[in-house]
Amino acid sequence: MQAFEIGLNPATFGWLLVGLLVAPVAGGLIAGVDRILTAKCQSRVGPPLLQPFYDAAKLWGKETKVSNVWIAFCSWMYFTAAATSCVMFFLQSDLLIIFFVQAVGAVFLVIGALSVPSPYSQIGGQRELLQIMAYEPLLILVFVGIFLATGSFNISAVYAMDKPLMLESGVVPMVLLFVVLGYALTIKLRKSPFDISGSHHAHQEIVRGVFTEYSGRYLALVEVAHWYEVVLVLGVVALFWATSWYAIVILLVLTYAAEILVDNITARLSWRAMLGKLWASGLALSFVSLAWLYAF
Amino acid sequence: MLDSFIKKSRIKSPWLLHFDCGSCNGCDIETLACLTPLYDVERFGIINVGNPKHADILLVTGCVNHRNKHVLKTIYDQMPEPKVVVAIGACGLTGGVFRDAYNVVGGVDKVIPVDVYVPGCPGKPEAIIDGVVEALGKLSEKQNAAAAAVAAE
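Just so you know, the protein sequences line up as chains H and G, in that order. Using our numbering, the first residue of the first sequence is number 1, and each one after it goes up by one. Using our numbering, the first residue of the second sequence is number 1001, and each one after it goes up by one.
The following block holds chain H by itself, in its conformation from the complex:
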């Protein structure tokens, strides 16, 4: 973690600003493009590009009405953890620490949802826990794979490589890990078929799952925190071909297009099916990949 030891040199400060300010704006724009493309897939016109920002600003200006203080506290914690993990990513920190900070935020979202007796919120919170249980082991196995390939959990080690991470050790293990990361990305984007705790699309919900009790500015915070998390996970996706900016953009566009396609052609799974499919295929793929990386 060299970046922290030298203090704030201009480049570090620049990346800090990128992580703190540019990342959420990019996340919001990605959400806007996503909504337009999804609408096009359903032969609709879709909302304006800036719609996510209108939504968040409107929510920020609504009357504050919460069932208890935990909702407010937990939404701020979720926001802070998401922002911190995103900034740490841009400062090329340790993948494991980024992962733990992000996980703390994700758990606070659940704690807020479980702090009220509303059955909708309770079910949403428990399903969110199941989702966390499904993707966190996969994400950590991906990081272990990156460690085996680069010899370090530091993101700077990935940038220091002279060939793309995806091509490491005969391509196959890294491609398998990329697929596993795709599972985690689908859950983090709250897209079908893994959107069991609260869909990305409000109209698909009977109530609103894990977000039921968050309202007004606290829902806005959760929304912006979600943008941070999306940028973080897309950042991890970008690590797989981080040798040139063109490659990063192409990889991200292809990955996100695949996510939108999958979202539109699949239906929500039951939680048992989600856990079963994710653990069976995700763990199998990661173990094959890790064994390969370890052996060669």
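No lab work stands behind these hints, which were simulated from the structure alone. Virtual Cβ for every residue (Gly too), placed ideally from N, Cα, C. Heads up, some of the hints might be wrong.
As the list claims (entries may be wrong) - Listed below are the simulated DSSO-like cross-link pairs for lysine-lysine, each with C-alpha atoms no more than 27 Å apart in a straight line:
{"hint": "1", "chain 1": "H", "residue 1": "Lys65", "chain 2": "G", "residue 2": "Lys1069"}
{"hint": "2", "chain 1": "G", "residue 1": "Lys1073", "chain 2": "G", "residue 2": "Lys1138"}
{"hint": "3", "chain 1": "G", "residue 1": "Lys1007", "chain 2": "H", "residue 2": "Lys65"}
{"hint": "4", "chain 1": "H", "residue 1": "Lys65", "chain 2": "G", "residue 2": "Lys1142"}
{"hint": "5", "chain 1": "H", "residue 1": "Lys65", "chain 2": "G", "residue 2": "Lys1083"}
{"hint": "6", "chain 1": "G", "residue 1": "Lys1142", "chain 2": "G", "residue 2": "Lys1069"}
{"hint": "7", "chain 1": "G", "residue 1": "Lys1124", "chain 2": "H", "residue 2": "Lys40"}
{"hint": "8", "chain 1": "G", "residue 1": "Lys1110", "chain 2": "H", "residue 2": "Lys65"}
Claimed, not checked - What follows is a set of in silico ranges between Cβ atoms, one per label pair, in the way DEER data are often shown:
{"hint": "9", "chain 1": "H", "residue 1": "Thr243", "chain 2": "G", "residue 2": "Asp1130", "range": "53 to 61 Å"}
{"hint": "10", "chain 1": "G", "residue 1": "Tyr1102", "chain 2": "H", "residue 2": "Leu49", "range": "50 to 58 Å"}
{"hint": "11", "chain 1": "H", "residue 1": "Lys277", "chain 2": "G", "residue 2": "Ala1148", "range": "53 to 61 Å"}
{"hint": "12", "chain 1": "G", "residue 1": "Ala1145", "chain 2": "H", "residue 2": "Val18", "range": "38 to 46 Å"}
{"hint": "13", "chain 1": "H", "residue 1": "Asp94", "chain 2": "G", "residue 2": "His1070", "range": "52 to 60 Å"}
{"hint": "14", "chain 1": "G", "residue 1": "His1070", "chain 2": "H", "residue 2": "Val69", "range": "21 to 29 Å"}
{"hint": "15", "chain 1": "H", "residue 1": "Arg268", "chain 2": "G", "residue 2": "Tyr1102", "range": "26 to 34 Å"}
{"hint": "16", "chain 1": "G", "residue 1": "Asp1077", "chain 2": "H", "residue 2": "Asn264", "range": "32 to 40 Å"}
{"hint": "17", "chain 1": "G", "residue 1": "Ala1101", "chain 2": "H", "residue 2": "Lys65", "range": "30 to 38 Å"}
Claimed, not checked - Which bits of chain H does chain G cover? Going by a derived footprint, with three or more residues having C-beta under 8 Å, they are:
{"hint": "18", "segment": "34-46"}
{"hint": "19", "segment": "207-213"}
Starting from the structure of chain H, add chain G where the hints point.
Relative to chain H, chain G alone:
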């Protein structure tokens, strides 16, 4: 600057809550038709949410009766300000053909304040979208009135 962006955003991001207060489902089908590709209200940032705590506009169809008037009132109270109410269809406006029935209270405005009335049996999707646009005007009027009240203090 943030204030003016929030004001603009309120008009651009109305989230609807649709409550069927004992309608024959005619108005409900027409309301949901607004979400289909033909009308696609998401063009205007409109989302149909299922949660009063997230909603800005309450769409009510059907005549209110003595059993569900409490539900209607609760849902209205759970919505954070600023909010507006749109009553849809003959029943929502006055109780319609059921107005004299022993269990019927009447129109939605007997229980909660209604801002926009969309007539019809059922209300047409075009009329419902029109009503929502009208409601957005009321929403900005309300927020201007609130701002004026704060300034007057």
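Here is how each hint holds up against the structure:
1. Lys65(H) with Lys1069(G): 22 Å, holds
2. Lys1073(G) with Lys1138(G): 20 Å, holds
3. Lys1007(G) with Lys65(H): 19 Å, holds
4. Lys65(H) with Lys1142(G): 19 Å, holds
5. Lys65(H) with Lys1083(G): Holds, because 13 Å separates the two Cα atoms, which is no more than 27 Å.
6. Lys1142(G) with Lys1069(G): 25 Å, holds
7. Lys1124(G) with Lys40(H): Roughly 25 Å separates the two Cα atoms, so the pair holds.
8. Lys1110(G) with Lys65(H): 25 Å, holds
9. Thr243(H) with Asp1130(G): 53 to 61 Å: Roughly 55 Å apart at Cβ, these two residues keep to the hinted range, so it holds.
10. Tyr1102(G) with Leu49(H): 50 to 58 Å: Cβ of Tyr1102(G) to Cβ of Leu49(H): about 53 Å, so the range 50 to 58 Å holds.
11. Lys277(H) with Ala1148(G): 53 to 61 Å: For Lys277(H) and Ala1148(G) the Cβ distance comes to about 57 Å; the hint holds.
12. Ala1145(G) with Val18(H): 38 to 46 Å: 42 Å, holds
13. Asp94(H) with His1070(G): 52 to 60 Å: 55 Å, holds
14. His1070(G) with Val69(H): 21 to 29 Å: 28 Å, holds
15. Arg268(H) with Tyr1102(G): 26 to 34 Å: About 43 Å separates the Cβ atoms of Arg268(H) and Tyr1102(G), which means 26 to 34 Å is violated.
16. Asp1077(G) with Asn264(H): 32 to 40 Å: 37 Å, holds
17. Ala1101(G) with Lys65(H): 30 to 38 Å: 35 Å, holds
18. 34-46: holds (count 7)
19. 207-213: Per the Cβ count (5), the hint holds.
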